[in-house]
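There are 2 protein chains.
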Amino acid sequence: MAIPVETFFLAPDAEGTLQAQIRQMIAQGILSGRFRKGEKLPSSRRLAAHLGVSRITVTLALTELQASDYLESRDRSGYYVSENAPEPPAFADPAPRRETVDWARALGRRYSDGDTPEKPLDWARYPYPFIYGQTDPQLFDHANWRQCALRALGARDFHALSADHYDRDDPSLVEFIARHILPRRGILAQPSEILITMGAQNALWLAAQVLLTQRRTAVIENPCYHALRDILTQSRCHLHAIDVDRDGLPPEALPRHADVIFTTPSHQSPTNATMPLDRRRALLARAADREALIVEDDYEFEMAFLHPPLPALKSLDTEGRVIYVGSFSKSVFPGLRLGYLVGSKPFIREARALRASVLRHPPGLMQRTAAYFLSLGHYDSLIRRTARVFAGRREVMEAALAAHGLDIAGRGAFGGSSIWMQAPDDVDTTTLDTRLRAQGVLIEPGAPFFHGPDRPRNFYRLAYSSIPSGRIVEGIARLARELDSGPGHGADRPC
Amino acid sequence: MAIPVETFFLAPDAEGTLQAQIRQMIAQGILSGRFRKGEKLPSSRRLAAHLGVSRITVTLALTELQASDYLESRDRSGYYVSENAPEPPAFADPAPRRETVDWARALGRRYSDGDTPEKPLDWARYPYPFIYGQTDPQLFDHANWRQCALRALGARDFHALSADHYDRDDPSLVEFIARHILPRRGILAQPSEILITMGAQNALWLAAQVLLTQRRTAVIENPCYHALRDILTQSRCHLHAIDVDRDGLPPEALPRHADVIFTTPSHQSPTNATMPLDRRRALLARAADREALIVEDDYEFEMAFLHPPLPALKSLDTEGRVIYVGSFSKSVFPGLRLGYLVGSKPFIREARALRASVLRHPPGLMQRTAAYFLSLGHYDSLIRRTARVFAGRREVMEAALAAHGLDIAGRGAFGGSSIWMQAPDDVDTTTLDTRLRAQGVLIEPGAPFFHGPDRPRNFYRLAYSSIPSGRIVEGIARLARELDSGPGHGADRPC
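Here the protein sequences line up with chains S and H, keeping their order. Here UniProt numbering is used: the first residue of the first sequence is 1, the next is one more, and so on. Here UniProt numbering is used: the first residue of the second sequence is 1, the next is one more, and so on.
Just chain S, same shape as in the assembly (with noise of 0.2 Å):
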């Protein structure tokens, strides 16, 4: 690889010759690992045109660094870093700055100290990876993904897609929400009434920060999706929490005051709990009661293999009180970052313009794509060709733990992709967790879903989404043996 000129710069301030300037510029490039061995400089000519300087003083620098074995000349074709060159060390820290900010003080606000746990990133190494929220590349139809990618690609749509679309959605991608995914759940709503976002997680952020402020209460399942609890703190709105049943949130417990209501009805996060038809219907009487507005998470819908999915909250709502949250993470890849809100024109006026604030709009390449994914039919295929594979597993992993004697705590009743996992009382899964990494087993610690000062340690998440059928059997057998020979269970404990 050549070396663009324009990576060469004198310092202003430098001092001693331009010579000794020259040639201390491209040592520290190579010392520091900029420039690498065998790598060509440029011309003399052009690297004098660049820094304003004789070409007699850059040949002259340039010889003294092939003397001292940094450069080399190869006939006619010029300079390249010499394979005797001084070894960079690995990327070390650039000349260490003097960093005299004290950034305790100068940092208005933090927010590395959330919830959201660490999961770790070379999860598809174990062989067991009862992962959640992970692509499997089995699965994935990456093959047209590409076709679509390139028909997004191509000379025609690009001048749409290279622009700057300010505040703008594509609008083929809006109306096949608008026409063919809303109405699975039984909403029908304008292309006015849908925002893409970057993924569900940009939704409900942006929910979030449209609706409440510090003065505001927001109502949270107990447990819950981590992240959301992170955007909520963040936000410094009041944080109730409520326990979920087996059915869900239960809308008696809403406290008397309640500005907004985050809930997950078809498919409780992660407990997975259906909740049923009638108490849908009381939680939007008693939200309309409390004049509170409602963002409903319906993550995972289309992953209803055991039976059709009840419609969406949304599609019950007739006075705009609910806010949809859809998501493309789940049902095509998480890469992706793309999601949706559908919701009454004036609080999607306002999420547009703040999205339009912190990022613009999501990239029009993967807005395209996406749409002719969808369009093609391929999205469907892929949902169809995902639940059958998903039902199969879930079939196997129920008949493994039933056989091993493991406590399902929530399995939801129309699929999904993961069973919510109650260990004995006296297990920390977090401590599990560590233990059967060791043993290539991957799990879902699930105190990082509860809120509150005492969350209980013994639940967990096993997913079916990313690990073989094939491997289940195996992967529950260490997890058995492991929660046998745990603390308070086996001879061997390791206290």
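Quick caveat, the hints were computed from the structure, so don't treat them as lab data. Since the structure is predicted, the reported quantities are computational estimates derived from the model, not experimental observations. Certain hints may be false.
For identical chains, the list gives no copy identity; a pair is met inside one copy or between any two copies.
[To be verified] The list that follows gives simulated cross-link-like pairs (lysine to aspartate or glutamate, EDC-like), each with its CA atoms no further than 16 Å apart:
id	residue 1	residue 2
1	Lys119	Asp167
2	Lys40	Asp75
3	Lys345	Asp102
4	Lys345	Glu99
5	Lys345	Glu319
6	Lys37	Glu72
7	Lys40	Glu72
8	Lys40	Asp69
Position chain H relative to chain S; hints supplied.
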């Protein structure tokens, strides 16, 4: 196109017989425009299984819909929406809800009343678009961009890109920025001091959220980038605007108390002023004196075709006081939505956590495609080609402006893509813009860049980034003519 079976839904509280409900559901789908003429319905067998009703019920409903001309059957291949079906209204409002939510009360915060003006999305239809910040499709290297995207879409990269990255960036993109982009600005940074953002806008937004509170003071340049002012207004910090002069922000005008200074030293936005080295040092010293941080927006540094640019303010910073904002929106294309923040680790840690909460991460595909485009040298070729063309256009533009005696208020010592113009005092350039549009000329009125109630109305920006050289002379001629005939200058003044 076939209508997916999942789109069909019986409302749980619908009245009438099942057969009537099915009829009504399909008819409504057609009347609302969701099902379109010629689209194929699922087979009666699939529809029956999906709805959980008997096949004969479905068949009877479909037969009746055929009789009433909603559907037509084609031999052996099933039912289609009839070509004679009743016309849907043009995506009309679905049965208007009686919205009872009081949105004036329900919205916690408003974001839609910012200063950022709407720009015409159809600017490419204007023959004389002196519009700023849009791509010129003639200049962009579409073929190589597509190649890079194809490579990023390959099976090998796909797994990495489809995964949920939580809060991480593409390492190859970060490394290229550290090794090859930042050194051009005299900046040496570690990968851990770099955060990829959704463009410069997102970078400025993140910096504002991390560094400012309602009790802190942000200093901005006057005039400045209007979207930055929107971001700061939303953050509700105190705003202190300082008038820039021919050398940009004058450090001696800094208020005694300042927490964060937002500045564009290389290329003041929108006046194009370049801050001299002495003033940069003075600014750093005064910021240190006040323990203030500086956010340096180094937009458009690549377009330095007249002289090599001065090194960035960040390169003079030995204390960690400067946070640097870079972007590929101007140098690649705006729809890419990729930029970066460079700063001390404590700052980057908080900005990364906030980004994760707001949107997780910029899509992997965009990051990897950009990494290939940069590392294969296409970026450098693109910049050189663009700079050459811009240099030519600028020459034509300056000659045309001189020929008509139009006043240049700021032209940028190093290059850039626009010229900051001053019309006579009594000209309102917003009105001028409206009048010019009728003649196919697009200019950018200057008022939205200014702060406070008494905004000068006679400035405007003329960019040469999207107008071909051959059209500049005529475009400037029309502008000059309109200025001559406008209020205060012609016989035929409108009032």
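Taking the hints in turn, this is what the structure says about them:
1. Lys119 x Asp167: between (33 Å within a copy, 11 Å between copies)
2. Lys40 x Asp75: Within one copy, since 13 Å is at most 16 Å while 69 Å is not.
3. Lys345 x Asp102: Between copies, since 12 Å is at most 16 Å while 44 Å is not.
4. Lys345 x Glu99: Answer is between: at 10 Å across copies they meet the 16 Å cutoff, but 48 Å inside does not.
5. Lys345 x Glu319: within (13 Å within a copy, 47 Å between copies)
6. Lys37 x Glu72: Cα proximity of lysine 37 and glutamate 72: one copy only (10 Å, versus 71 Å across).
7. Lys40 x Glu72: The answer is within: 10 Å in one copy meets 16 Å, while 70 Å across copies does not.
8. Lys40 x Asp69: Within one copy only: 15 Å inside, 73 Å across.
Every hint, counting from the list given before, is met by this structure.
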